[in-house]
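Enquirer: Residue strings, one per chain:
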Amino acid sequence: MELAKLSIKETAEGFRKKEFTPSELTAACLGEIEKKNPKLNAYLEVFSEDAHAQAKEADERFAADSPKSPIDGIPVAIKDNMLVLGKRCTAGSKILEPYIASYDATVVVWLKKAGAIILGKTNLDEFAMGSSTEHSAFGPTRNPVDTDRVPGGSSGGSAAAVAAHFCTAAFGSDTGGSIRQPAAFCGVVGLKPTYGRVSRSGLIAMASSLDQIGPFTKTVEDSSLLFSTIAGHDPLDPTTHPDAVFSHEWLQEGISGMRIGIPKEYFGEGLDPQIRSIIEGLIAKLGSEGAEVVDISLPHAPLGLAVYYLIMPSEVSANLARFDGIRYGSSVLRNSKSETRNQKQNLWDVYFDTRREYFGEEARRRIILGTFALSSGYYDAYYARAQKVRAHIKNDFDIAFQSVDAVLTPTSPVLPFRFGERAHDPLAMYLADIYTVSVNLAGVPAISIPAGYVNHLPVGVQLIAKPFNEAVLFQAGRAIEQVR
Amino acid sequence: MIDEKLVKHIAHLARIGISEGEVEKFAKELDAILEYVKVLEGANVEGVEPIAHITGRENAMRADDPDETSLPNEDKAFLKEQAPQSKDGFVMVPRVIE
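Protein chains in written order, with the working numbering: chain A, 1046 to 1529; chain B, 82 to 179.
Do not rely on the hints blindly, as some may be mistaken.
[To be verified] For lysine to aspartate or glutamate, the following EDC-like pairs were computed, each having C-alpha atoms within a straight-line distance of at most 16 angstroms:
| hint | chain 1 | residue 1 | chain 2 | residue 2 |
| --- | --- | --- | --- | --- |
| 1 | A | Lys-1132 | B | Glu-162 |
| 2 | B | Lys-109 | A | Glu-1407 |
| 3 | B | Lys-109 | A | Glu-1406 |
| 4 | B | Lys-86 | B | Glu-110 |
| 5 | B | Lys-109 | A | Asp-1470 |
| 6 | A | Lys-1433 | B | Asp-145 |
| 7 | B | Lys-106 | A | Asp-1470 |
[As the list claims (entries may be wrong)] On the chain A side, residues computed to face chain B include the following (Cβ under 8 angstroms):
| hint | residue |
| --- | --- |
| 8 | Ser-1147 |
| 9 | Val-1190 |
| 10 | Val-1352 |
| 11 | Leu-1472 |
[What the hints assert, rightly or not] Some chain A residues well away from chain B (every beta-carbon gap over 10 angstroms; in silico):
| hint | residue |
| --- | --- |
| 12 | Asp-1095 |
| 13 | Ala-1098 |
| 14 | Asp-1369 |
| 15 | Phe-1417 |
These are calculated hints, taken from the structure and not from any lab test.
On a predicted model such as this, the values are computed, not experimentally measured, just so you know.
C-beta: ideal position from N, C-alpha, C; glycine also.
Looking at chain A on its own, in the form it has when it is part of the complex:
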């Protein structure tokens, strides 16, 4: 049996029945990593020693028939923009290359408490800015499905790690599609929870009004299980809702009677006809399972990407101001050893030179774009206007959810593309996010689920629900897994 290929549910059952142990599974994952990670570059760092020790403790708990939780002993990977105490956290950037985390992200605290084994840190576009993982300062990640193609991004390392069976599940962050799009590209399940449902404490901030942490899994049921582990109110993140907890229980099976909205704006120009045909085939199957398919309109959807590419860089420019070469991380000050020279070093030069030398090109592009959108004379025309159109986008969803239970769209308009195909043109790269960004702007939850293949390349379907209604995503998602 290939242990690393099992779902969490199958794994937990194997542990419980003593068919295999957490140590055996951990060794299996580490074996796959050793064989294939040099080519895929999904992990930036692997914690072999710690993982073996954590697995051994889990072995003892299962031997005594007293597991800590339904995910005890499950090996998981963490995107390298979330802090794990005592471990390097780079966010895919040279500017954080020397940085060692001084605390655990809340999500990591809760995973450790549940007995999960932290296998390592996964690759990402620098500061989670990108849709292909080509913008990592530590080299691109390759798509395990087709190594000539990108895994999507920004959480490309986590998506690839699950698809390559380098772990049983992984965690990423989603600001404009950074969990759902790589999940679609690698053929796994990716969840972007409701804004305010999962603590962002210990997540290196990109765009604070949009960022949310979520799981990558092999099945929808596993997604629900991990979501129940990480959802909840956290005093360390004041945006978490007092009623954020989620209970992993199947409210209802099947999709019969569920109203599924199909927004026409997501099936127009720019959608690959092969993807369209798979999604339309899936919709027809759901219809014959008893789902009520309803044509709807989200009239402001075509403005989503423009709103996103003003609000996101504005928040980026504020959040990345902290990397100044003075307090932590890389700095031109580290280059000069002599004390007398340091004292002569001009403060302004430290800022300018550090940020030029250690931020990548995309990070600097977005900082400059955001600083522009927020600057005097342009604020009203760009940032303030974008925040108003954002209200329209949210309102579109509010109206839609008065008549449907879930909205169904393709996750990405394009198939996994080849390296370099979009990297030269920032706008072409941004267009890869066109079906995912509105979800973050509106704060609603969404999931990407494998829907089928075009030749050997996976296609993802996106389900969107109203805030705090992830249960509907899991219910409809399970039905999709059965009919696809």
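Fit chain B to the known structure of chain A by using the hints.
Expert: Chain B in isolation, oriented as in the chain A frame:
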């Protein structure tokens, strides 16, 4: 509408050093992005309240109590070691006032 002079000004505000070659490249790319976001000019935003926070929660408070358990003393030292320059337990910075 974004010219090289404006790019230099914005880069200065953002405290980011950029080379001459990059000034030209960024000017072109940012211009293309701003051309794209022009679609927003067509939206009617009269009387629309801008969204600052999507869930509408505001002023989430907690007691400002120091939590000594969350950061043991050895970690406090470790935090200082993260600074590029430190001396006698302090973070060293370049001269701020001439």
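Enquirer: Determine for every hint whether it applies to the structure shown.
Expert: Against the structure, the hints come out as follows:
1. With a CA separation close to 14 angstroms, the supplied pair Lys-1132 of chain A and Glu-162 of chain B stays within the 16 angstroms bound.
2. For the proposed pair Lys-109 of chain B and Glu-1407 of chain A, the alpha carbon gap of about 14 angstroms is at most 16 angstroms, so the pair holds.
3. Restraint check for Lys-109 of chain B and Glu-1406 of chain A: satisfied, since their Cα atoms lie roughly 14 angstroms apart, inside the 16 angstroms limit.
4. Simply put, Lys-86 of chain B and Glu-110 of chain B have alpha-carbon atoms about 15 angstroms apart, close enough for the 16 angstroms limit, and the pair holds.
5. The straight-line distance between the Cα atoms of Lys-109 of chain B and Asp-1470 of chain A is roughly 11 angstroms, inside the 16 angstroms bound, and the hint therefore holds.
6. About 34 angstroms separates the Cα atoms of Lys-1433 of chain A and Asp-145 of chain B, which puts this hinted pair outside 16 angstroms; it is violated.
7. With a C-alpha separation of about 11 angstroms, the suggested pair Lys-106 of chain B and Asp-1470 of chain A falls inside the 16 angstroms cut-off, and the hint holds.
8. Satisfaction of the interface hint for Ser-1147 of chain A is found here, the shortest Cβ-Cβ separation to chain B being roughly 6 angstroms, below the 8 angstroms cut-off.
9. Hint status for Val-1190 of chain A: violated, given a least beta-carbon distance of 31 angstroms to chain B, over 8 angstroms.
10. At about 7 angstroms, the closest approach between the beta carbon of Val-1352 of chain A and any beta carbon in chain B falls short of 8 angstroms, and the interface hint on this residue holds.
11. The beta carbon of Leu-1472 of chain A comes within 6 angstroms of a beta carbon in chain B, closer than 8 angstroms, and the hint placing it at the interface holds.
12. Interface exclusion of Asp-1095 of chain A from chain B stands, the closest Cβ pair being 18 angstroms apart, more than 10 angstroms.
13. Look at Ala-1098 of chain A: its CB is around 21 angstroms from the nearest CB on chain B, clear of 10 angstroms, so calling it non-interface holds up.
14. Taking the minimum C-beta to C-beta distance to chain B, about 7 angstroms, the non-interface status of Asp-1369 of chain A is violated against the 10 angstroms cut.
15. With a least CB separation of 5 angstroms from chain B, Phe-1417 of chain A falls inside the 10 angstroms interface cut-off, contrary to its annotation.
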